[in-house]
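Asker: Make the full structure from the sequences, and use the hints.
Residue numbers (our numbering), protein chains in the order written: chain A, 11 to 135; chain B, 290 to 488.
A hint or two may mislead.
[Said to hold, decoys possible] Pairs of lysine-lysine, DSS-like flavour, derived with a Cα cap of 25 Å:
1. B/Lys356 - A/Lys33
2. B/Lys359 - B/Lys312
3. B/Lys464 - A/Lys14
4. A/Lys14 - B/Lys468
5. A/Lys33 - B/Lys312
6. B/Lys470 - A/Lys14
7. B/Lys325 - B/Lys443
8. B/Lys443 - B/Lys359
9. B/Lys325 - A/Lys33
10. A/Lys14 - B/Lys465
11. B/Lys443 - A/Lys14
12. B/Lys470 - B/Lys384
13. B/Lys384 - B/Lys325
Think of the hints as simulated: they come from the structure by calculation, not from any bench. Fair warning: this is a prediction, and the values are worked out from it, not measured in the lab.
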Amino acid sequence: MTDKSLNLILDQASPPPPCPSDKLVANMFAHMDAQMASDSTDLARNRRFMAWGSMAAALLVAFGIMANLPDSFSFGTKLSPIVATNDSIENDLTAVPSTGDYADDFANQLIGYDDISVIVPINDL
Amino acid sequence: MNSEPLLFDPLLGHLRGIANGEKPAAEALVRAISPKLFRIAYRIMQNTHDAEEITQETLIRIWAIAKTWKAGQARIETWAYRVATNLCFDRLRAKSRFEQGSDELDDFMDNAPNAEAELVHREMANEIDRALATLPHRQRAAIVLTYFEGMSAKLAGEALEVSVEAIESLLARAKKTLKQKFLDEEPEILTDFVAFAAI
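Answerer: Spelled out as structure tokens, the structure:
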């Protein structure tokens, strides 16, 4: 049997019934209506959710700001406050000279050396 | 899927309208595409009820994809054929046994020249339908798309998501099976065909 014979036989296959286009169109319209109604409901729900969600978020931010303002937005890090400072320049006439013996302090640094001249030349004293 | 960009898709305008919820566009697209979808589904399923449901489901999927459809990726029509054939395959797989479509022939050949010709033709058509129904699903779809719907191997390959070579292979195997069936198992169909041709 050739391909041509096969094609001639297949030509005799039962024809499909007519397409129910009107019914398909009507069903399509019904589906579109239902879907669009559902979409509009979802849209309204989403808008409500967005509105209430925005309000809740704004309240949370406000609460957070108020809670952290006393700490200067430090989020709980405790800073040591500066109680007082004395920035005035001391007057030479009224200044009280220190009574400390600085020479002894220097000498204390040299304890342990046998010959002090090695560390400090004698001429420099 | 086409790799080269498509310059013009006649159904694209309708699809854009559907995406905007325009019913005239929806009606135009349904009337343009549904007859062929219905024929393909019917030829594969050999059942009016299934064919109608598959066509409707395909149209609804077109509506669902309309808003996100990217022009140039594929032809809408080819995509719809692919959806329809896949729905057919799903349904055939789900069925435990294949339903014959012989009950759908009541209105066939109303204009037959005489009762004898009608009888011979109807019986022959039933035998051909039965022979087609014995083919594996993809071979049957290949025959339906290329032979009954006149698609090119390239277009049929896109619809079935296979290469042109694979389509040609499916067709060759389907033809071989049908020829063998007609020659060995149902030789009377050839006799009927000769008788019908002579009437």
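Asker: Hints the structure violates: just list their numbers, smallest first.
Answerer: none
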